[in-house]
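So you can see what is in the structure, the chains are spelled out below.
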Amino acid sequence: MKSLKFIFVGIIFGIVMSKSEAISWYRIQEMFRFQSFHMYGIIGTAVTLGIIIVQLIKRFNIKDYAGNPIVIAPKEKGFVRAIAGGTIFGLGWALTGACPGPLFVNLGYGFLTVSIVIIGAVAGAWLYGYFQDKLPH
Amino acid sequence: MDFILQPWSWYMSGIVIALVMFLMLYFGKVFGVSSCFRTICAACGAGKSIKYFDFDWKSQLWNAWFLVGAIIGGFISAHFLSNGNPVLISEATIADIKNLGIAAPTGMQPDELFDFHVLATVKGWIILLGGGLLIGFGTRYANGCTSGHAISGLSNLQLPSLIAVIGFFIGGLIMTHLLLPYLLP
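Note that the protein sequences, when read in sequence, are chains L and F. Sequential numbering of the first sequence, starting at 145, is according to this note's numbering. Sequential numbering of the second sequence, starting at 131, is according to this note's numbering.
Source of the hints: derived by calculation from the structure; they are not laboratory data. Everything numeric in this text was worked out from a predicted model, so none of it was measured. Some hints here could point you the wrong way.
[What the hints assert, rightly or not] With a straight-line Cα cutoff of 25 Å, these simulated BS3-like cross-link-like pairs (lysine-lysine) come out:
(1) L:K207 - L:K149
(2) F:K159 - L:K149
(3) L:K146 - L:K207
(4) L:K221 - L:K278
(5) F:K228 - F:K253
(6) F:K181 - L:K278
(7) L:K207 - F:K159
(8) F:K159 - L:K202
(9) L:K149 - L:K202
(10) L:K202 - L:K221
(11) F:K188 - F:K178
(12) F:K159 - F:K181
(13) L:K146 - F:K188
(14) L:K149 - F:K188
(15) L:K278 - F:K178
(16) F:K159 - F:K188
(17) L:K146 - F:K159
(18) L:K221 - F:K181
(19) F:K159 - L:K221
[Stated by the list, open to error] Short derived list, chain F residues pointing at chain L, Cβ under 10 Å:
(20) S220
(21) G260
(22) F267
(23) I296
[Said to hold, decoys possible] Covered stretches of chain F (in silico footprint by chain L; criterion: 3 or more residues with CB under 8 Å from a CB of chain L, positions within the stretch not fixed):
(24) 139-147
(25) 162-170
(26) 199-205
(27) 238-245
(28) 282-292
(29) 298-308
Note that CB positions come from ideal geometry on N, CA and C, so glycine has one too.
Chain L on its own, in the form it takes in the complex:
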């Protein structure tokens, strides 16, 4: 039963990402060509509200469903990993038109060839794990 709430949130995510066409290769192309406000509007609205939500959580010490304080671990520091890893991911994002979340939404939407992208992504994560010690962070 504990898993049900995460499935529920995932369903909301899957519906909103597909209904707002954020899972579409066309929309990602439009974004990286600066030819529409659509994707920037989505990300901008989500981040603006997200900043307000996180500030409210911190200001009012809002607890989670189990009564524990909500703690958001800071992201690990490292300029090289963020800029280099980010750039490598960006190449893949523009090529396939999907970031990790939308890959799975696309699968449910009926684009079964996206499973090849997911297999590639798992292999890519394995490659990172294998070379982690040799990479600059």
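Given the coordinates of chain L, assemble chain F onto it according to the supplied hints.
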């Protein structure tokens, strides 16, 4: 009912994504998808030989359930909430992608990239598998993707996330404007 079948606006989408981020925090987790690739490797036993995958992957199963939901959500959208109309991208984009050999939209995704027939071509595999490799390697190297860095990280005013998002755009712009003209046609 008609407004549900129409594509949803950017502000509606942004509001619901922020709600998703809040719900994950409320359920004691941080919204972020790309760590699932690490979890899958660990669940397949990669932790035996590689330190990065040697962790309690069962503690990350909530993320797998979230993705099961994402798949179901996509299915619900396609079968019950869609009018099947093509994605309404700008005329300028339609003209640009025509130069790449991609026709104007007839649905959610271009057949030229995602129809089964691409699996019969080397280029199709390079795009799908190669794109996946870049996504998996890049998001793990950067320690997050659009959800973990752009949404969760920026919402928490994290500098590493801002740097990563700048990286996302450097990579995206290089691919779109410099590499796709050679890769696609």
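Given the hint that F:K159 pairs with F:K188, does the C-alpha gap stay at or below 25 Å? Measuring from Cα to Cα gives roughly 14 Å; hence the hint holds.
Assess, step by step, whether the Cα of L:K221 is no farther than 25 Å from the Cα of F:K181, and give holds or violated. Holds, at roughly 20 Å.
Checking hints one by one. Is F:S220 an interface residue toward chain L, by the C-beta closer than 10 Å rule? holds (5 Å)
Assess, step by step, whether the Cα of F:K159 is no farther than 25 Å from the Cα of L:K221, and give holds or violated. At roughly 20 Å apart (the allowed maximum being 25 Å), L:K221 and F:K159 satisfy the hint.
Decide if the proposed pair is consistent with the structure: L:K146 and F:K188, CA atoms, cutoff 25 Å inclusive. holds (13 Å)
Hinted pair, alpha-carbon criterion (25 Å max): L:K207, L:K149. Please report holds or violated. Holds, because 17 Å separates the two Cα atoms, which is no more than 25 Å.
Does L:K207 sit within 25 Å of L:K146, going by the straight-line distance between their CA atoms? holds (18 Å)
For the pair we were handed, L:K278 and F:K178, check the Cα-Cα distance against 25 Å. holds (19 Å)
With a cut-off of 8 Å between beta carbons, are at least three residues of the region 162-170 of chain F near chain L? Since three or more residues must qualify, the claim that chain L covers the region 162-170 of chain F holds, with 6 doing so at under 8 Å.
Within 8 Å of chain L (C-beta), three or more residues of the region 282-292 of chain F: n = 10 at 8 Å, threshold three: holds.
Agreement of F:K159 and L:K202 with the hint, judged by alpha carbon distance not exceeding 25 Å: Holds: F:K159 and L:K202 sit about 15 Å apart, inside 25 Å.
Take a quick look at whether F:K228 and F:K253 sit within 25 Å of each other, Cα to Cα. Holds, at roughly 18 Å.
In this structure, every one of the numbered hints holds.
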